[in-house]
Amino acid sequence: MIVRPRKEDHLVIGKYTGKVITGVGLLMVVPMITSIVLGEWDTVVDFVISIAACLIFGFGTQLLCRTEKDLSWSHGLVVASGSWGMATVLGALPHWLSGHEGTYLDAMFDVMSGYTTTGLYLLQDLDHVSYGLNMWRHLLTYAGGQGIVVIALTFLFKGTAGAYKVYVGEGKDERLLPNVVQTARAIWLVSLAWLGVGTLALFITGMALGQEPVRAFLHGLWVFMGAWSTGGFAPQSYNTMWYHSLTYEVISVVIFIAGSFNFALHWAVWTGKRKEILRNVETVSFSITLTLTVLIATFGLAKAGVYPDAMTLFRKAFYQLASGHTTTGFSTIYSRAFVTQWGPVGVMATTIAMAIGASACSTAGGIKGIRMGVIFKAFMQDIRKAISPESAVVRAKYHHVHDVYLEDGLVRSAMTITIAYLVLYALTAIVGTLYGYDFLQAAFEGVSAASNTGLSCGVTSPGMPAVMKVLYIVAMWLGRLEFMSVFALAGYAVSIVRGK
Amino acid sequence: MSRRRGENGITHIKRWPDYIGGILTETGFILGLTLVAFLLAVIAQVIYR
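So the protein sequences, as listed, match chains A and B.
Each residue of the first sequence is one higher than the one before, starting from 1 at the first, in my numbering.
Each residue of the second sequence is one higher than the one before, starting from 1 at the first, in my numbering.
In isolation and in its complexed conformation, chain B is listed as follows (with noise of 0.2 Å):
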């Protein structure tokens, strides 16, 4: 009985390929909304010099 509840709690080790998965997901967006205002600024630079 406590096995099952094991396996199927929140912290069990087969669930952290996922959570390691949402990590970088969330990565990978946040960096994707960094490049966009990096873009913003060399085309303001390019238009104000």
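With the rest of the complex left out, here is chain A (with noise of 0.2 Å):
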């Protein structure tokens, strides 16, 4: 019997969601600031309006849903699910103001690949949008990348037991630290630090390219967010091949791939363990897929002959593969040139790649190692087993900061999540094939989409069909929260409606 919720229910679903929504209008803040000091008077009309929007819904909601009763689980769950559809709702506003989208629709599909750090964009004429704009974008994708409940539990919430839930909804569930705040605390400790580091050094690079200063700095900080969130929003059209920089290059590897690691491999490395790095089931898995990938496309592309010494091969293989795996999205090649220039095997590594994602409790999607690695496991166990004599007792064991025993209920819930991933990832794909696209540029956009990576042979675009752009919208939203915070909000309509 589904049991219908009950007015308490409602208010404190409604009042946790207030707050994350206030959050996102205090975040606007940053940009409209941006256009104060640069002058952008139209862009900072755009943000009074949209932070008007935000704090009227944010501080109304909570007014209206006063309530002292804690989040249980599935409340968790749907405030998750929930904020993100509102924060897209309304985080869409400053787009569609700008004139810079063809209809809501686009403006919303940018800005739910914004904060699940996608990258995948509808936005028209990337290269004159201004400067406060670009740092919504890339706000949206750096603060997606930690949770907009982690900034909310960090900001807004007392240290109450529901905020965990909450914390759980957004797909994290490591705890750094004993208490949920102070590990929300913590994720901002490793994120900011980058921060500070890589945008000094992408900084330091653009100027040496000849960027004056301001443009140097606001370049390094974009693209630092779009690369540490793994989201892959870039200030110009031609993402990162613009920049025709090995060094930027470089350091924007280094900066995308730190960001696709788990934020306890973080915290175990910085305090201390550094040899966890080595031994971690997710950076042990990353390191073999990784390597495969790029050994299928880099030998696949040599055999093809499409780029002229190993120094191109290796930055443009590279590059792509890395990319795609820790689910970023940055590229250093002409969309259509994965079509056109890499060919089956280089468009189907890539998938694979994108498809695997990076690590879990990270700014990445995708299946994620750590399932792969519980995968693989659980496969070699059962092979020991078969060749064992039958009063054997074969147990396997994974590390992941402390060696964790394989038990049936781990196996089945990243056999669950990895199963959940490949029909997204297939649905996507059938969907693009019925709409008239190839079946691999299909399979390749909608893998994107789902895994949250934003690497595009071309699919996406404003001219795409409608119902293409809700399905990557959708897509995107199950990918990041990993399906379980979105099953529960339908879950929590249906008894709405249904329930007694």
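To be clear, the hints were calculated from the coordinates, so they are not data collected in a lab.
Note that the structure is a prediction, hence the values are computed from the model and not measured.
Idealized CB from N, CA, C, for every residue including glycine.
Careful: at least some of the hints might be erroneous.
What the hints assert, rightly or not - Computed list of chain A residues with no C-beta within reach of chain B, every gap over 12 Å:
#1 W242
#2 V253
#3 T312
#4 G409
To be verified - Calculated lysine-lysine pairs in the BS3-like style (CA-CA distance at most 30 Å, straight line):
#5 A:K273 with B:K14
#6 A:K385 with A:K273
#7 A:K275 with B:K14
Could you fit the two chains together into a complex? Lean on the hints.
Structure, rendered in structure tokens:
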């Protein structure tokens, strides 16, 4: 029997959703200040309207939904996914008001792409977007990478037990420190320290490339945000190819691979467990699958004679594969080059890399290295069981900060989410094919959206069918929140209508 | 009391050498992966030249 939610359930969900949306409104102050400093008055008005909308909704909801009740697990899931949905609707206002989006749906597509750190976009004439809107695009993806709920946890929530449930609902379930709010702050510490180092390195490189200081700083900051969040947004339509710089490429690779590491791994390495980076199941899994996919693409491209020398081959193959595998979406080749130059082998290797993705509890998407590791270990355990004497006890373990023994429940959970991702990948590929795109291209683009990568082979464009835009928005949302939160929100909606 | 809390805080100055060591360890690991990819490109180019 489906139980209809009570008034108290609506109140607690409304209250916490209101808090998160208030946080989104406050976040918009940063791009508004950017526009004020740089004298972009039209953009300032866009942000004043958008901030007002967020604060009216956020504070209004908190006022209407006053309750002392704390969140339950199901509430946490619904708040996480509901907040992301509402933040997308209201966060799209600056995009739409800028006049750079064809429709409000396109604006929502770009905002969901930003929050989910995907990087696909429908915004038109990117090279002439205001500094304020560019700041908002990159801030979205940086904030989305940490999790907009983590932001709210850090600044707006008191240290309630319920806060942890929203945090889990956003697809992060590691406790770096005993308290969830401290964990959120530790995540911010890691991100902000890397922000300082990464932005400085890119700023110096930009200056050396001839950019004037303000532009070099803003580009450095934005490219850092796009890289660290594995988001893939960049301030120019040519993405990171625009810089034509090996140094810029190497720095961005270091940032986006570091951004794709599990925050628990960062914290372990940062607190003295240096060897963890060589032992952790996720870094081991990532190193193996990245090297294999780079190997396939590199040999395929070398055989086809696409690039003239080893250095160019390395720069193009490694950058796109590392970007795809970490689900970043930065690119140093034209979108159509995947189809016209790389051919089926290159497209397939990149699609596999994107589908696997990087680490859990990071800014990355995809199936995740830990699940690949768990499934592989379970597979090997079954083989060992099959060839061992019947009385033998075969146990497998993996290392993630500490040794963890494989339990059936753990393997089932890894398999369930992996199958959910595979179904989503297949669905996006089939729908794309039904709309007339080549299957391999539809699969590439669909996997890119659902794994929150953002590499494009040219399918994503303002002229794309509206159904595919909606499908990609849902795929990005599902992929980022790892299904359960969005399913919980759908279940909540059903229980309102059909519950007793 | 507040002094003790400060020293145990995650942003305390005494923790930063460890944090910088962490950033350098991560960077070294990533550059190692990059070097492997470069070697693969050299081998591939030699084989298919």
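Outcome of the hint check:
{"no.": "1", "hint": "W242", "result": "21 Å, holds"}
{"no.": "2", "hint": "V253", "result": "6 Å, violated"}
{"no.": "3", "hint": "T312", "result": "9 Å, violated"}
{"no.": "4", "hint": "G409", "result": "31 Å, holds"}
{"no.": "5", "hint": "A:K273 with B:K14", "result": "17 Å, holds"}
{"no.": "6", "hint": "A:K385 with A:K273", "result": "33 Å, violated"}
{"no.": "7", "hint": "A:K275 with B:K14", "result": "21 Å, holds"}
This entry does not satisfy hints 2, 3, 6, going by the numbered hints stated previously.
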